[in-house]
Amino acid sequence: MDLLADYRRATMFFETGDPSGAARLLEPIVDAEPGNAAVRQLLARAYFQSAQLNRAEAHLRELVDRDPSDHYAHHVLGRTLERLNRHTDALRHLRIAAAMYAANDDYRVALDRVEARVGGTR
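In the UniProt record's numbering, the protein residues as written are 1 to 122.
Hints were generated in silico from the structure; no laboratory data involved.
Quick caveat, the model's predicted, so the values are computed rather than measured.
We treat Cβ as the ideally placed atom computed from N, Cα and C, and that holds for glycine.
Just so you know, nobody snuck in bad clues.
Taking CB as the label site, the calculated pair distances span:
(1) Asp106 - Asn85: 16 to 24 Å
(2) Arg9 - Met100: 26 to 34 Å
(3) Asp2 - Gly35: 13 to 21 Å
(4) Asp2 - Asp112: 40 to 48 Å
(5) Arg66 - Arg95: 19 to 27 Å
(6) Arg117 - Ala5: 41 to 49 Å
(7) Asn54 - Leu3: 19 to 27 Å
(8) Asn36 - Glu115: 31 to 39 Å
(9) Ala103 - Glu15: 20 to 28 Å
Go ahead and model the full structure; you've got the sequences and the hints to work with.
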């Protein structure tokens, strides 16, 4: 198995709109290199894009546990939890991401949307 070639192919699949194809290529790479954050992140994004949200959540939690300063992992975890209708859980991660990288408009928009949702359901 040529892990680098498979990773490049998976990236191409992801970028051309085939996140499920990307995930199939990335799963054995993560198994072979479980500490590789870049591969795990792309796999989580592929799961997110293909609506395999529980799988995305598991990999994103692993990324956040390993590196709590990974603002992007917090953001995507928050977005994943939002899509799972777990808005209160999503808030924590979206707030962390927005606090760590305040200049990112996507982070602020996601946070505002979920804050409004949670505020509207109390």
